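One letter stands for each residue in the lines below.
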Amino acid sequence: MNQRSDIDRLLTTWLDDGPTTMPDSVVDVVADRIDRTRQRRSWRLLRRLPMSPLVKLGIAAAAVLFIAVVGYSLLPKQPGVGGQPTPVPSPTATIPPLPEGTVTAAGTYRLTPFFSPATMTVDATVPEGGWLGGPPCCIAGPNDANGPNGVAVALLKAETINSDPCHWDKDGSGTAPQEGDIEVGPTVADLAEALAANPAFASTTPTDVAISGFQGKRLDLQLAADLSACDGFEVDSPVYFVFGGREGGFYAKGDNNRWQVSILDVDGTRLIVVLLSYPGTPAADLSAAQGILDSLVITP
Amino acid sequence: MDRDLVEAAQRGDQAAFVDLVRSRGDRFFAIAHRILRDVDRAEDALQDALVIAWRDLRDLRDPDRFDAWVHRLLTNVCIAQAGRERKRMSNLYVLPVDDPAAPDDLLGVALRDQLDRGFRRLSADERAILVLRHYVGYEPIEIAELLGLSAGTIRSRLHHAHRAMRAALDADARAAAVGGTSA
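Sequence order for the protein chains is A and B. Numbers given in my numbering equal positions in the first sequence, counted from 1, plus 17. Numbers given in my numbering equal positions in the second sequence, counted from 1, plus 102.
Pair by pair, the computed Cβ-Cβ distance ranges are:
(1) A:285 <-> B:157: 16 to 26 Å
(2) B:268 <-> A:49: 39 to 49 Å
(3) B:269 <-> A:300: 45 to 55 Å
(4) B:125 <-> A:282: 35 to 45 Å
(5) B:125 <-> A:114: 30 to 40 Å
It is worth saying that the hints were derived from the structure and are not from the lab. Since the structure is predicted, the reported quantities are computational estimates derived from the model, not experimental observations. All C-beta atoms, glycine included, are put in the ideal place defined by N, C-alpha and C.
Next comes chain B alone, as it looks inside the complex (with noise of 0.2 Å):
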């Protein structure tokens, strides 16, 4: 039982961590990925935010929420490296890793392209709320006790990131068809 780990863990029981990470590694990797868009830095905030977990494990006063414990310091972790990121100066520029292709199944190429250029043009902090809304499933009451905001802050933000989100996929409709006439 998950619960026995996570208070084996607390207890500093270094195999039972281990453990936990593995039953739920995948889950937070596909979370870091969706926010930092970059296998590389998915893996480095994951791990950092594991380590992150291990130390302040005995603050965790219910292990039944150790789930969304882990979400919250890793979403912290990814906004803050997203942050860095964005601070770096114009001559350093991280190229992105190229992600093995996902099948196109549901959606276009192009559509999936312009999601992910106007994913990318929002904060850090937007993105990593998008994902916990639309990939985890957490309501906006949730994200906000996640993140130590109010319901109202998450709620904005949803909204603008929505807003920015629709925007970049109509810029590139225009552009699109801007090109064409021209071409």
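Isolated chain A (complex conformation) (with noise of 0.2 Å):
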């Protein structure tokens, strides 16, 4: 057997193993989706309707006609030179998504920061001086978001915390869930008490807070001064996961990271904002990622 088809048989059979069965939630989520989901009109049918030359020249002049009506009417309505100029409303602006790596021109960028659901978007504003775009998430400082000196801004969700964070891969697999993952509630309120009860770290008491409209709760964490001995993915890497399992991975990368959790209540949804330092931060790229999270357009 040669290897070209080695391989094709090993593909083959490796594919045909794992899960054949949809989870029973995607018909029902499908089911409500659709609900509230317009169908397209078939353009492509439009497009194709026979036109006889008859009707192209009747469209043609109704389209005339329109124009001229339209344009009479916006014409100055008192005689003489030089009337009021008619305000003329500016197109609405395409906000562009965050790109990857460096933002070379500040201004707004639009992230998409879920997968599920997907239809949140976030705006902020990114100022000059280098900052790092890290689209659908995450918006870091010009030194990166790791110690001892970077910053960022993340936006996740998530619906566990892990006990140990920084001892998070008690399996030794590097995937969720962990032994240690503890499953908190489904309200602001009843993650931001989680964090605030979790020992491994010294957190504040949660207050109220608001962002882009929505409320929700502020603790700041002080996480551990030493990840040396933590889990990593890589030998000599060690990270530390406060959130545990699917979109909430966001983890810290350097001794002594403060994060400013915002945890916010968009319409039932639950939204992590994180600003992330270090001791060794600039105050300026503090207060610039301070300037982003201000920012924020959050949009459900």
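Reconstruct the complex from the two isolated chains, following the hints.
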């Protein structure tokens, strides 16, 4: 057997294994979502409608008449030269997606932080100075997000927290869920209280916060002073997982990481906004990161 | 008859569309899972693809091509989602979710692990092409039509993906041999 047919056979056999049953929840979710989703008109069908030359001529005449009527209605109503200029509404600007890597032009960029629901967008105004885009969730400072002097704003969601964020990989698999995961309730308060109650790190008492008009709770976390003994994906690269599992896997990668955590209720979806920094983070970078956080415009 | 269901759904019949999802969902889900290698992400991708399918269903000219049409939508959603994942910053690591252990009747655990690691190192579109070729069973020309690429491009990517998978297996075998010697 040659190598090619060997790898063909291996791949076919390997791919045949694995889950083959759709989770029941998919049908319910899809049924709910299509109930809120209008079907598009088939423009292809409209374009393919047969059209006689007479019909085309009629449409062209109607278009000319329409333009003439609209044009006349927009003319200045008073005679004379130089009437008041008519304000022309500017077209709605399209907000560009946050680029990957260095953000070369200061401005407002759009993030879509969640896999599901994927509809939530968050617009953030990024300053000049070599900030780094990490779509779909994160904006890091000129020194990146790692210690000893990085800074970042990150958007995420989580349903669990790690009981031991340093030794998060209890089974050595590097996967979720893990034995130490703590399930938290669905509300903002549930998560805030769970974080505040975790003895693995120091935290402040949750207080009220509002970002982009959405209410929530804020607390500050002071994470471990020394990560050297923590689990990591690679040798000599320890990480510290505050949250557990999927879409919550944002971790600290540096000693003495400080997290300003805002947990928001965005029309029933819990959004976590983290501003992370280190003792060595330049004050200007920290201030700019706070500016990015304050600029967030969240659309459910 | 499924053609009737597709036509009914094209007229806005939600129940007909849900029936289509019920009858086809397992196969669609299996495809998404094999591309993304993650149950939750496959579930999300499938949901998104099916909502897009519902929204654009009136553009489907031939109801008998419903499966292939959804395969295209689903593959594109999976590729986009995998791309998003890879672009995340170094500090955001989404822990892969453990799957229920599969029976090891044909491939050993070590070989399965090698294949999995090699597969994850491929680009998202190479993974999708491998799945469409070796799991769904499409010919390269059909994959080309599905993804809007030339058949030559598909063959080239298949060749590269096969070579990369073979290299991953060989590299793991060499690493195991070295580790065994030094231990």
